[in-house]
Amino acid sequence: MGNWSELPRDLLRSITSFLPIADIHRFSSVCQEWNFVSKERTHPPAAQLPWLVLTDHEITKKRIFYNMSEKKYYKFDIPELHGARCHGSSFGWLFAVGPRLETHLINPFSGAKHSLPRLPPYNVKREYHDDYLIEYGYIDPCILEPCIFSYERMQRIIVHKAILSADPNKCTDFVLMIMLNGDHRLAIWRVGDKDWTVFKENRYIEEITCFKGQFFALLANHKFATVDVGPEPKLIKHKQCLRECTDWNARYFINVSDISLLLVVRRTKKDENDDEHFTTSEFRVFELYLEEFEAYEIEDINGNSLFLGRNSGIIVPSRKFSGCRENCIYFSSDACDGLPEEKYGYDDMGVWSIVDETIKPLFEPNVYISPTSCPIWLVPNPW
Numbered sequence: 001m002g003n004w005s006e007l008p009r010d011l012l013r014s015i016t017s018f019l020p021i022a023d024i025h026r027f028s029s030v031c032q033e034w035n036f037v038s039k040e041r042t043h044p045p046a047a048q049l050p051w052l053v054l055t056d057h058e059i060t061k062k063r064i065f066y067n068m069s070e071k072k073y074y075k076f077d078i079p080e081l082h083g084a085r086c087h088g089s090s091f092g093w094l095f096a097v098g099p100r101l102e103t104h105l106i107n108p109f110s111g112a113k114h115s116l117p118r119l120p121p122y123n124v125k126r127e128y129h130d131d132y133l134i135e136y137g138y139i140d141p142c143i144l145e146p147c148i149f150s151y152e153r154m155q156r157i158i159v160h161k162a163i164l165s166a167d168p169n170k171c172t173d174f175v176l177m178i179m180l181n182g183d184h185r186l187a188i189w190r191v192g193d194k195d196w197t198v199f200k201e202n203r204y205i206e207e208i209t210c211f212k213g214q215f216f217a218l219l220a221n222h223k224f225a226t227v228d229v230g231p232e233p234k235l236i237k238h239k240q241c242l243r244e245c246t247d248w249n250a251r252y253f254i255n256v257s258d259i260s261l262l263l264v265v266r267r268t269k270k271d272e273n274d275d276e277h278f279t280t281s282e283f284r285v286f287e288l289y290l291e292e293f294e295a296y297e298i299e300d301i302n303g304n305s306l307f308l309g310r311n312s313g314i315i316v317p318s319r320k321f322s323g324c325r326e327n328c329i330y331f332s333s334d335a336c337d338g339l340p341e342e343k344y345g346y347d348d349m350g351v352w353s354i355v356d357e358t359i360k361p362l363f364e365p366n367v368y369i370s371p372t373s374c375p376i377w378l379v380p381n382p383w
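If you count the sequence shown from 1, position 28 lands on 28 in UniProt numbering, and the numbers rise without skipping.
The set of hints was computed from the structure by calculation and includes no laboratory data.
No experiment lies behind these values; they were computed from the predicted model shown.
Treat the hints with care, since some could be wrong.
[What the hints assert, rightly or not] In silico DSBU-like cross-links for lysine-lysine, where the CA-CA straight-line distance does not exceed 30 Å:
(1) K223 - K113
(2) K62 - K113
(3) K194 - K212
(4) K234 - K75
(5) K212 - K237
(6) K72 - K194
(7) K212 - K62
(8) K61 - K239
(9) K72 - K320
(10) K200 - K239
(11) K237 - K270
(12) K113 - K239
(13) K223 - K200
(14) K270 - K320
(15) K75 - K270
(16) K270 - K212
(17) K223 - K212
(18) K61 - K75
(19) K223 - K237
(20) K200 - K212
(21) K72 - K61
(22) K270 - K234
(23) K39 - K72
(24) K170 - K212
(25) K170 - K320
[Claimed, not checked] Okay, the calculated beta carbon distance ranges per label pair:
(26) G111 - H57: 45 to 55 Å
(27) E33 - K270: 58 to 68 Å
(28) G111 - E232: 32 to 42 Å
(29) K270 - E357: 53 to 63 Å
(30) Q214 - R9: 16 to 26 Å
(31) E326 - H238: 31 to 41 Å
(32) H238 - L7: 24 to 34 Å
(33) P317 - F76: 36 to 46 Å
(34) K39 - D258: 28 to 38 Å
(35) E70 - V30: 12 to 22 Å
(36) F76 - N35: 10 to 20 Å
(37) F76 - P44: 11 to 21 Å
(38) S17 - E326: 49 to 59 Å
(39) V191 - C31: 30 to 40 Å
Every residue, glycine too, gets a C-beta built ideally from N, C-alpha and C.
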């Protein structure tokens with residue numbers, strides 16, 4: 001048998017083009033030559049199912065990931081994610097809020113990262129025992145006085161969502177947009193900015209997305225708005241797009257074509273055994289055409305699957321992946337800010353069938369549950 005290290009590099013490159021990220025890592029450990037080829041990064045890893053970003057390990061603080069394809073846990077030692085609250089910010093990147101509200105934009109599979117300014121709009125007020133109290137001004141538009149919270153509470157509630165205009169792996173002029181909790185005001189950051197730019201306009205926003213480099217927002221009155229991220233950022237071109245589903249609890253955008261988005265609404269119900277706890281009961285899916293700003297309900301997503309939660313919506317061609325159910329929504333919890341530690345988002349995960357309108361369990365995570373971490377979906381994108 002010949003020496004594995006003597007195989008032609010062109011052949012090795014061809015092999016890696018068919019491998020997902022976990023197999024590329026295994027490939028790199030065979031020998032020095034294979035390791036060299038694996039780091040050339042001439043093409044992205046093969047398409048794969050999203051991973052679940054879970055909590056950090058109780059003792060080692062390594063972040064735990066769950067590979068859906070392999071049904072296997074991985075632990076990564078990423079200092080910026082120790083004790084951090086993570087949000088899926090698209091393109092395989094995470095927006096992380098640390099225990100002292102420090103923030104980072106990080107790619108957990110490549111190690112690339114950006115340190116970000118302090119989040120608006122809060123001030124450290126005074127020391128309280130071994131913690132600090134934080135003054136926060138945007139928790140409720142009906143309350144004129146700032147609210148006071150601990151670091152731990154602020155870490156859990158200050159940011160609702162984060163999205164990117166472009167892949168930071170491929171450019172440096174991307175825009176990071178976050179939706180602040182409370183009145184869901186928007187703020188943006190660009191590479192080189194020393195502070196966040198907060199939108200002056202105070203409109204309660206349900207959801208945000210970026211489509212072909214253009215940001216859009218869904219307002220609480222179901223109007224669809226274009227978001228201008230120029231020197232004076234603002235919302236423009238408001239138009240009604242949804243005339244029903246006023247009592248639904250969460251909305252999600254997913255990019256599906258050059259002319260349309262999917263708009264998914266989610267309803268929850270009270271747990272029969274716990275009046276303070278809500279679980280998902282159903283979804284409805286609409287296709288939103290951008291030229292006419294009209295949404296139409298659909299009952300089929302062309303055999304694809306959606307992955308929704310505290311992350312940018314992900315669509316996957318189910319037929320390409322063994323075990324992935326067609327016309328289904330894989331969901332993680334979207335409302336875990338106020339839950340007790342033992343229920344922190346891990347009891348409201350499942351698979352909703354659009355065809356027969358039933359929910360089946362996803363899986364039972366065998367991990368320590370941290371009160372700072374909701375499970376979120378992420379597609380590995382190391383380069």
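Distance restraint between K270 and K320, which requires alpha-carbon spacing of 30 Å or less: With a Cα-Cα distance of about 36 Å, the restraint between K270 and K320 is violated, given a limit of 30 Å.
Need the status of pair K223, K237: alpha-carbon distance at most 30 Å? 9 Å, holds
For the pair we were handed, K212 and K62, check the Cα-Cα distance against 30 Å. 35 Å, violated
Do the alpha carbons of K270 and K212 lie within 30 Å of each other, as the hint requires? Violated, at about 38 Å.
Is the hinted pair K223 and K113 satisfied, with a Cα-Cα distance of at most 30 Å? This hinted pair is violated, its Cα atoms lying about 35 Å apart.
State, for the Cβ atoms of G111 and E232, whether the hinted interval 32 to 42 Å holds or is violated. 36 Å, holds
With a cut-off of 30 Å on the C-alpha distance, tell me whether K61 and K75 pass. 9 Å, holds
Given pair status - K234, K270, alpha carbons within 30 Å: Distance of about 36 Å is beyond 30 Å: violated.
Proposed proximity, K270 with K75 (alpha carbon, max 30 Å): With a Cα-Cα distance of about 34 Å, the restraint between K75 and K270 is violated, given a limit of 30 Å.
Is 53 to 63 Å a correct range for the gap between the Cβ atoms of K270 and E357? 19 Å, violated
Evaluate the given range 58 to 68 Å for the C-beta pair formed by E33 and K270. Cβ of E33 to Cβ of K270: about 59 Å, so the range 58 to 68 Å holds.
Do the Cβ positions of G111 and H57 conform to the proposed distance bound of 45 to 55 Å? 19 Å, violated
The structure does not agree with the numbered hints 1, 4, 6, 7, 8, 11, 12, 14, 15, 16, 22, 26, 29, 30, 32, 33, 38 stated previously, though it agrees with the rest.
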